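J.: One line per chain: the protein sequences are B and C, in this order. Take 1 as the starting number for the first sequence in this note's numbering and just add one per residue. Take 181 as the starting number for the second sequence in this note's numbering and just add one per residue.
The set of hints was computed from the structure by calculation and includes no laboratory data. Just so you know, these numbers come straight off a predicted model, no measurement behind them. Misleading hints may appear alongside valid ones.
30 Å max Cα-Cα, derived DSBU-like pairs, lysine-lysine [to be verified]:
| id | chain 1 | residue 1 | chain 2 | residue 2 |
| --- | --- | --- | --- | --- |
| 1 | B | K125 | B | K66 |
| 2 | B | K18 | B | K56 |
| 3 | B | K146 | B | K18 |
| 4 | C | K453 | B | K56 |
| 5 | B | K125 | B | K18 |
| 6 | C | K453 | B | K125 |
| 7 | C | K374 | C | K357 |
| 8 | B | K66 | B | K146 |
| 9 | B | K146 | C | K493 |
| 10 | C | K219 | B | K125 |
| 11 | C | K219 | C | K357 |
| 12 | C | K374 | C | K219 |
Chain B is faced by these chain C residues, among others (derived, beta-carbon under 8 Å) [as the list claims (entries may be wrong)]:
| id | residue |
| --- | --- |
| 13 | D187 |
| 14 | M188 |
| 15 | A193 |
| 16 | A233 |
| 17 | V236 |
| 18 | A242 |
| 19 | N255 |
| 20 | K374 |
| 21 | L376 |
| 22 | D415 |
Note that beta-carbon positions come from the ideal geometry of N, C-alpha and C, so glycine has one too.
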Amino acid sequence: MDVFNEEQLVVRCRAGDKSAYGELVKRHVRDVFAVCLGAVGNAADAEDLAQEAMVKGFMEIGRLRKGDSFGPWIRRIARNRSIDFLRHRQVGRDAVETLNRQCDTSQPTGDHASLEHALTRLDEKYRQAVLLYYFDGERTDLVAEKLEISPAAVLSRLSWARRQLRQLLAEQGDHDGSTL
Amino acid sequence: MAQPCNDMLESIADLVQGRLPAGRIDNVRGHLDACPACKEWYDALLADARLIADYVASQQEAVLRIEAAVIDRINESKTHSDFRRFTMPSDFLKVGLAAAVIVIAAVIGRGYIIQGRQQKAPVATTPGQTSPQQAASEPSTWPAPVGTPETDQTVHADPVALAAGPGTAPLPLELPKPMFEGTPGNIDVPNLQKPLGRERPPFYAPAGCVNLAAAKRVTSSDDILFETELDMVTDGDKEGGNYIELGPFLQHVTIDLEQDCKIYAVLVWHYHKQARVYSDVIVQVADDPNFLSNVRIIFNNDLDNSAGFGTGKDMHYVETHEGKLIDAKGVTARYVRLYSSGNNESDLNNYVEIEVWGRPAKEPSASSGEDESVESATVPHCHSAPVLPAVCFTSGPLSHAIHGRFRFCAPAMIASAIRTSSAICQSNIPTHAKSAPLSKAYLNPSRG
Numbered sequence: 001m002d003v004f005n006e007e008q009l010v011v012r013c014r015a016g017d018k019s020a021y022g023e024l025v026k027r028h029v030r031d032v033f034a035v036c037l038g039a040v041g042n043a044a045d046a047e048d049l050a051q052e053a054m055v056k057g058f059m060e061i062g063r064l065r066k067g068d069s070f071g072p073w074i075r076r077i078a079r080n081r082s083i084d085f086l087r088h089r090q091v092g093r094d095a096v097e098t099l100n101r102q103c104d105t106s107q108p109t110g111d112h113a114s115l116e117h118a119l120t121r122l123d124e125k126y127r128q129a130v131l132l133y134y135f136d137g138e139r140t141d142l143v144a145e146k147l148e149i150s151p152a153a154v155l156s157r158l159s160w161a162r163r164q165l166r167q168l169l170a171e172q173g174d175h176d177g178s179t180l
Numbered sequence: 181m182a183q184p185c186n187d188m189l190e191s192i193a194d195l196v197q198g199r200l201p202a203g204r205i206d207n208v209r210g211h212l213d214a215c216p217a218c219k220e221w222y223d224a225l226l227a228d229a230r231l232i233a234d235y236v237a238s239q240q241e242a243v244l245r246i247e248a249a250v251i252d253r254i255n256e257s258k259t260h261s262d263f264r265r266f267t268m269p270s271d272f273l274k275v276g277l278a279a280a281v282i283v284i285a286a287v288i289g290r291g292y293i294i295q296g297r298q299q300k301a302p303v304a305t306t307p308g309q310t311s312p313q314q315a316a317s318e319p320s321t322w323p324a325p326v327g328t329p330e331t332d333q334t335v336h337a338d339p340v341a342l343a344a345g346p347g348t349a350p351l352p353l354e355l356p357k358p359m360f361e362g363t364p365g366n367i368d369v370p371n372l373q374k375p376l377g378r379e380r381p382p383f384y385a386p387a388g389c390v391n392l393a394a395a396k397r398v399t400s401s402d403d404i405l406f407e408t409e410l411d412m413v414t415d416g417d418k419e420g421g422n423y424i425e426l427g428p429f430l431q432h433v434t435i436d437l438e439q440d441c442k443i444y445a446v447l448v449w450h451y452h453k454q455a456r457v458y459s460d461v462i463v464q465v466a467d468d469p470n471f472l473s474n475v476r477i478i479f480n481n482d483l484d485n486s487a488g489f490g491t492g493k494d495m496h497y498v499e500t501h502e503g504k505l506i507d508a509k510g511v512t513a514r515y516v517r518l519y520s521s522g523n524n525e526s527d528l529n530n531y532v533e534i535e536v537w538g539r540p541a542k543e544p545s546a547s548s549g550e551d552e553s554v555e556s557a558t559v560p561h562c563h564s565a566p567v568l569p570a571v572c573f574t575s576g577p578l579s580h581a582i583h584g585r586f587r588f589c590a591p592a593m594i595a596s597a598i599r600t601s602s603a604i605c606q607s608n609i610p611t612h613a614k615s616a617p618l619s620k621a622y623l624n625p626s627r628g
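Turn these sequences into a full structure, and let the hints guide you.
T.: Structure, rendered in structure tokens:
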């Protein structure tokens, strides 16, 4: 496929070119997943939500008013989907899911599980910053663009997030009787 | 792990993050060499960084799975619009369902009309009739003064306990379940209204007021929200979990009442799952969708004029399940717009539900018989001339045809049928096809 800018891809997608949307998916799926992961805090749910969000983006692309704003738009969809998910998740269902996860060998274990648990306890804005930072190859400028804050603010959030995460992980280590 | 020095925590994190000023790096490294606890903390932060990077790298497979799944799903469809069709019955089924609805509506409607002829027609109140509170407080100023964008006038209204009187009735408000109880904690917001400490007293308005906003079209300043999501604002569901979220800073939603209406109250629930105070809540009404002419402000608590609509004098308030009831004093307008600019918890703007209570400015002529009843219900917005229902549903919205022709028929049955057909036809209902205002109230039978 020729290299198109985002606006052109959106136009082509609206005209029925599915490969154009495929290209948009490739460009943004990582961010969308990071947003979902940052919102809900666990990879299994984030994977489902990211998929839903990207499909919804395809369904609704005719409503996107500015073709060049696909990135913020699809990230916003992802976040709204994640919020909906958290909103509708019931306590009873949570308990069942938690038990299922504990029995599910595909779920992260060991250090990753501890990290994921600590991430869920981190304030969302710090969690988003941390995840986007690593998903974006540790480029604060990209994170700043996506979070619509200054690069300095990103660094500040990351720094604070590191401190918080360290404390959370240490607490978990104490609680589990183990250390990382 | 020994406790690191509190005054070094930020510097160590900054060092790991690479945001420590160059002039301080040596100083901090020197401290790390001298303090085992801080060195251990520093090493742990570095380990965390590797762990997070490793965790994110391990998610690459998930990213690839999502990508493949999404591409598979879109390839299964013909175009992006096909996804909408997946959730809709075939045209044949739609027409069949539509026909069934019409037959049921006709049968029920005829029975209702006949029954209606045996009863005395309800006494219609005069559209301009004032409520007791109007007469008692400021009869000379009602309806609210009319302004222009340059000379907008703010009506500072705070609903108070009202007296009943001839031709008035309390608004039949239905409140959602309380989502939180007790007195909110410390909310550091200036000019904050104290809780009433009891239920809000009834709000009296001319009898016959309905929720004019029920199922009306909502637009917003936030491009991200879809029309289907915005429908939540007027769908009658006021439970705290069902809300829309608009982006940060000043945002608005606008409701098109579809005709000029006399508005007596606006009731809004931004978010009532926790005690929140929204900033710069401004409620405007206007005659045009762009709010360029005859704009009037009926509520404004923007104390510093940050929104640019003038300094408001209304108080900040804590959101509860009762919503915020704003006295509109019978102002006549077609469009209602609500602004806000974040809240004390976040920069975002939320709406659970908005109700606009009043009556059409031009009441339909009272019908005295079956023929008149049907005649007066010709489809007013769908087509310029009366049309058969069958024509309407082939051209789009069945619901509108039903609304128009049977608006004096059994409301609950019609509402149920309309909800069904509206849901089916949701994606292809053009704007003009929204139902007639009176019958819209029947979408929520409890309000009719």
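J.: Against this structure, judge whether each hint is valid.
T.: Hints, one by one, checked against the model:
no., hint, result
1, B/K125 - B/K66, "holds, 26 Å"
2, B/K18 - B/K56, "holds, 14 Å"
3, B/K146 - B/K18, "holds, 25 Å"
4, C/K453 - B/K56, "holds, 27 Å"
5, B/K125 - B/K18, "violated, 34 Å"
6, C/K453 - B/K125, "holds, 21 Å"
7, C/K374 - C/K357, "holds, 21 Å"
8, B/K66 - B/K146, "holds, 17 Å"
9, B/K146 - C/K493, "violated, 37 Å"
10, C/K219 - B/K125, "holds, 28 Å"
11, C/K219 - C/K357, "violated, 54 Å"
12, C/K374 - C/K219, "violated, 52 Å"
13, D187, "violated, 13 Å"
14, M188, "violated, 11 Å"
15, A193, "holds, 4 Å"
16, A233, "holds, 5 Å"
17, V236, "holds, 4 Å"
18, A242, "holds, 5 Å"
19, N255, "holds, 6 Å"
20, K374, "violated, 30 Å"
21, L376, "violated, 29 Å"
22, D415, "violated, 15 Å"
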